[in-house]
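Novice: Chains as they are written, first to last, in this note's numbering: chain F, 1 to 200; chain A, 1 to 528.
FYI, nobody ran anything at the bench for these hints, they're computed from the structure. Please note that a few of the clues may not be correct.
[As the list claims (entries may be wrong)] Label-pair distances were calculated between CB atoms; the ranges are:
(1) Gly241(A) / Lys103(F): 36 to 42 angstroms
(2) Trp117(A) / Asn184(F): 40 to 46 angstroms
(3) Tyr290(A) / Asn143(F): 55 to 61 angstroms
[Said to hold, decoys possible] Some chain A residues near chain F, calculated using beta-carbon distances under 8 angstroms:
(4) Ala110
(5) Leu130
(6) Ala213
(7) Val217
(8) Ala219
(9) Ala239
(10) Ile250
(11) Pro313
For clarity, every value in this text was computed on a predicted model and none was experimentally measured. We put the beta carbon where it would ideally sit given N, CA and C, even for glycine.
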Amino acid sequence: MTTNSPTPNPTPRADNARVVRRLLFVVVGMFGFGFALVPLYEVFCDITGFNGRTKNEQAAANTRSVDTSRTINVQFITRVNKGMPWGFEPEVKSVRVHPGETKVVNFLARNPTGQNMVAQAIPSVAPGEAGLYLNKTECFCFNQQPLAAGADTKMPMQFYLDPDIPKHIHTLTLSYTMYDMTANAQPDVIASFEAATSAD
Amino acid sequence: MSTVAGEMDHHDHHHHAPSGITRWLFTTNHKDIGSMYLWFSFIMFLVGGSMAMVIRAELFQPGLQLVDPHFFNQMTTVHGLIMVFGAVMPAFTGLANWMVPMMIGAPDMALPRMNNWSFWILPFAFAILLASLFMEGGGPAFGWTFYAPLSTTYSSDSTALFVFSVHIMGISSIMGAINVIVTIMNMRAPGMTYMKMPLFVWTWFITAFLLIAVMPVLAGAVTMVLTDKYFGTSFFDAAGGGDPVLFQHIFWFFGHPEVYIMILPSFGIISAIIPAFSRKKLFGYSSMVYATAAIAGLSFIVWAHHMFTTGMPVAAEIFFMYATMLISVPTGVKVFNWVATMWRGSISFETPMLFALAFVILFTIGGFSGLMLAITPVDFQYHDTYFVVAHFHYVLVSGAIFSIMAAAYYWLPKWTGYMYDETLAKWHFWCSLISVNVLFFPMHFAGLAGMPRRIPDYSLQFADINQIVSIGGFAFGLSQLIFLWVVIKCVRGGEKAPAKPWEGAEGLEWTVPSPAPYHTFETPPEVK
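Assemble the whole structure, with the sequences as input and the hints as a guide.
Specialist: See the structure below:
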């Protein structure tokens, strides 16, 4: 059926080496591909909004016109990661906004422990596709949050929804999970504790 | 036949095989290495099986009676790892080592020294894995799928041992796969074109490509777990900007082709045995080849059906649902071809055929429950229940392992030169067939009723089903000792086997005497 009848090869060893080299190339390539999946996944989620990803960086200032014909209910959920002792909740459970309208919502955090701690909030949006249209112009989640022992704080989050948000989205949920980052705090965040102590 | 005998004479003078342990340590002979792979996998099968016995003993009654939950989790984890990487995969590699060169008329594997190396690192991999069970804090307890953060944030200190043992297993499989590919591409006898190769060779050829494509991805996944746990990276740690769901994508990108790695060689075995005992040519040879390739190709685009409950968008769920269901088309072609081969055949029911028939029926049951699991909306009910456990044990135990046993009975006369004890073998078959169904069939009902997998205790309404399942489990475990007995008996002696003990068998392996001489086909046969 096929024509590649294997005739006795004059240099089978050299031929074997060639096939082995090609196969090893595939092996190394696939090992690299496993790691390449990490940035690919990031890019894919950022583009499509799959997996509730929302851009955790400052959006451009709101210059969009307000679409008063639509109102979207934005809900807030907070949780702390397992073993994280902080109190963390939104000041309001939900707000109703028109697309294009800028809103500020405050989140309350409290460190009940006797130690200075540093935390990082990680956002997630449901439904995932809404994440592409949620723009934050100011958010505590952009940076690590230091909180001295026993202290509490009010953390603002300013956002607007892109007026291009699909028509079928009437409600979206923004969820924050607070992680303990004390062990991996950035140096400038730790420095803020020292500044606060010396100011006292 | 005389040419083969002539070869042997000529071979005796140029080197004497070392005797004792060094014969096995330094051997580069494909038959020696094949036998070592097969024995190793059988030992691992018994070790992994004993862990299953611990699991079933604990689950015999509700409540915690024998082991603590942390140890139970280590048992489910290591049972899975050993059966996948220690029993099924090395058994197939052993069969490939023994049979592929003989089936294509090659004198040995293309890379015999690498072959020795790829076998001999395996015992070390499993020694490391098993040793980790005795470390402080215990061995791996996060399931064989080692989902982050269970394997990173919450795992015991011995996780590094798990990671390194998986690295070694991966290197071994990759070397084995490269060897199979090079052998098949470069060592075929004159006239043995690709479309004349036996299906076992074809299915292994495709499996080997799957192996070199996905084992490196698994190596990457365990490496990321290692650096996340010990070196402060955040591949899967949300606090540091990573994503635990990403772990599941990477793992199942490896994991789904992996399940076909564990079943495609079975298809090749069954495609050799059914025609032999039906005394007919295999129906639809080329469609079998294309179906195998189609299954292998599709296996790369279905991985997220393991992840329907992670909150994927509906569009992605629908894509993965249909892509998964598509696999049943080439699989259906195969089952149809096997049945069509038997149609109007002159069938006899020796033990290899019995195992092959059981394979076709029971694997198909596993395939159907797989189709049920593929349906996204109902998967939300089945996910992580005993229904899933029932499904993958039907395809892996009564599928892959039954095919390995069929292969062992089919080729034992060729390997040992003696016929195995047919009466005992029939006992092994019937005990296995009945107990495997008592063991796994009721699990479907436990799962549908909501019993979660990977738990050491369960609520009272599952007590009866679990008791039946455990009895089936113990019976299946004991039945495998009959197999051990048959194999040992056959190695030690018995009725002399002719070169071709099966009337309807076809293929070059039956043209050499039984037992197959240490060196075969030094002069390539002419294939017409």
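Novice: Does each hint fit the structure? Answer for all of them.
Specialist: Here's how the hints hold up against the structure:
1. Gly241(A) / Lys103(F): 36 to 42 angstroms: Violated, since Gly241(A) and Lys103(F) (Cβ atoms, about 26 angstroms apart) do not stay within the stated range.
2. Trp117(A) / Asn184(F): 40 to 46 angstroms: Given about 41 angstroms between the Cβ atoms, the range holds.
3. Tyr290(A) / Asn143(F): 55 to 61 angstroms: 57 angstroms, holds
4. Ala110: Given a least distance of 5 angstroms, the restraint on Ala110(A) holds.
5. Leu130: Violated - the Cβ of Leu130(A) stays beyond 8 angstroms from chain F, reaching only about 26 angstroms at its closest.
6. Ala213: 6 angstroms, holds
7. Val217: 4 angstroms, holds
8. Ala219: 6 angstroms, holds
9. Ala239: With a closest approach of 3 angstroms, the Ala239(A) hint holds.
10. Ile250: 5 angstroms, holds
11. Pro313: Since the shortest Cβ distance to chain F is 6 angstroms, the answer is holds.
Of the hints listed earlier, those the structure fails to meet are numbers 1 and 5, in rising order.
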